[in-house]
Amino acid sequence: MRPNRRQFLASATAAAVLPACADDPLDDSGGPTAAPSRDPEPAPWDAPGRWDEASFAWGVRIGDATSDTALVACRSAEPALTLVLMRADGDEWVQERRFHCPAPINGVTQVGLVNLAADAAYSLAFYAADGERRSEVARFRSALGPGGYRVLRFGATSCLGSENPDWESLNHAAAEAFDFFLLLGDTVYADGAYTVEEYRAYWERAFATPSLRSLSNSTSLVATWDDHEVGNNWILGETVTVEQVENATLAFREDVPMQVGPGGSGLWRTLRWGEVLQLFVLDCRGERDVDQIVSPEQLLWLVDALAISTARFKVVLSSVHFTDHSALFGTLFDEDRWQGYPAQRQVALEAALATPGVVFVTGDLHYGGLATVSPPGVDGDDLYEVAAGPSGSFINPIAELFQGDRAQYPVLLGTWSYCLFEADPGTGTLRVAFVDDQGTILADETLTL
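Just so we're aligned, residue 1 is where the sequence shown starts under our numbering, counting upward by one.
Since the hints were made in silico from the structure, they are not lab data. All figures in this text were calculated on a predicted structure; none of them were measured in a lab. Be aware that one or more of the hints could be misleading.
[Stated by the list, open to error] Here are the in silico distance ranges between beta carbons for each label pair:
no.: 1; residue 1: E246; residue 2: Q403; range: 22 to 28 Å
no.: 2; residue 1: Q403; residue 2: G31; range: 35 to 41 Å
no.: 3; residue 1: P296; residue 2: R431; range: 34 to 40 Å
no.: 4; residue 1: V94; residue 2: G31; range: 25 to 31 Å
no.: 5; residue 1: R431; residue 2: E198; range: 21 to 27 Å
no.: 6; residue 1: T331; residue 2: L300; range: 23 to 29 Å
no.: 7; residue 1: P262; residue 2: N233; range: 24 to 30 Å
no.: 8; residue 1: N115; residue 2: V378; range: 28 to 34 Å
The beta-carbon is built from N, C-alpha and C at its ideal position, and this holds for glycine as well.
Assemble the whole structure, with the sequences as input and the hints as a guide.
Written out as structure tokens, the structure is:
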């Protein structure tokens, strides 16, 4: 089969991102050589002291890890905390630093870790003033640095609603000790909240849930929001006030630490994992209006950032679907996804088609799936979107009822799940597996990007 333009671009990029000291990129059969896997990590750190569940009921969150920094948050009932940070060294953990934390604000202690080693495993715990009682142990990895090159493993989900309130699939995600984990929105359903205290209560309840707490203790998070972090289908100035959005944003950022992006709402931003992968985190809610799903500033940023990225994989995080779902939904509720904003979608589509290795990862529609963003024969019919989750919200019956052409929809799942990804820059492949509450793999696909 003759390769299409995107496959040609992908092949050229794969050669360009190989590290200078790499072996011959072809295996004995003439095919590409798989990239190395991650080095083994020590057994989980057995921290001294004891977990005080009453004071540290909400776990630890590490957000937006880079090759040398990470943001850490811990909600507790303690007036002062000490952080102990351990780094993996062979098959053991060695103490890297210990320090007194800034005073908590509204019960949350946030710490910015700097001068981390690239692609290193870290464990940490927060201690009360007595030095005995502590949080649960949290583990994460710093991102690959410049030239970093190996297989990356990460997960994703969305829509942690109350229909399936234990979110059991996330326990299986926690056991994977991923490089990072993506939250695609509707992590809380805070409809009806207005004050920061009301929003904060939803986040406290979410991270007190054992499965989400275990997940956040197991890896770093990269998060965006959809509507329910503020209010159902909210639009600033129409259904919610500036004060309400500020309250919701404060509570969100307290419990899910994240970098401030370059403009607009501050939620859209990018994170790089060496030569392998770059994340483009979109805000498809905070700047929405009747004629735009994102601001012109955000759209231009995405176009420019994709164009200059040299990462083998470009993962675009959008809380809402990018796919043209004419075959699945027609135009029903298309104002709540990119399809309802055709001019902006076309600009983003052209940018994605012009660079190899792009994949969209989305949430919102309450089914798991793999689709091409355009139907067969239309530009974008070789560009993929992965719908991750839901882990808890009601299941959209369309996944089971659809009887149309499955060429655009190789996977449609009406089951609670999360997505597991393996990105191999050597072969240029992205594995996408959907894992349910029992840990069963429901579908397992390998994409060549």
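Structure-based check of all given hints:
no.	hint	verdict
1	E246 <-> Q403: 22 to 28 Å	violated (46 Å)
2	Q403 <-> G31: 35 to 41 Å	holds (38 Å)
3	P296 <-> R431: 34 to 40 Å	holds (35 Å)
4	V94 <-> G31: 25 to 31 Å	violated (40 Å)
5	R431 <-> E198: 21 to 27 Å	violated (41 Å)
6	T331 <-> L300: 23 to 29 Å	holds (27 Å)
7	P262 <-> N233: 24 to 30 Å	holds (27 Å)
8	N115 <-> V378: 28 to 34 Å	violated (49 Å)
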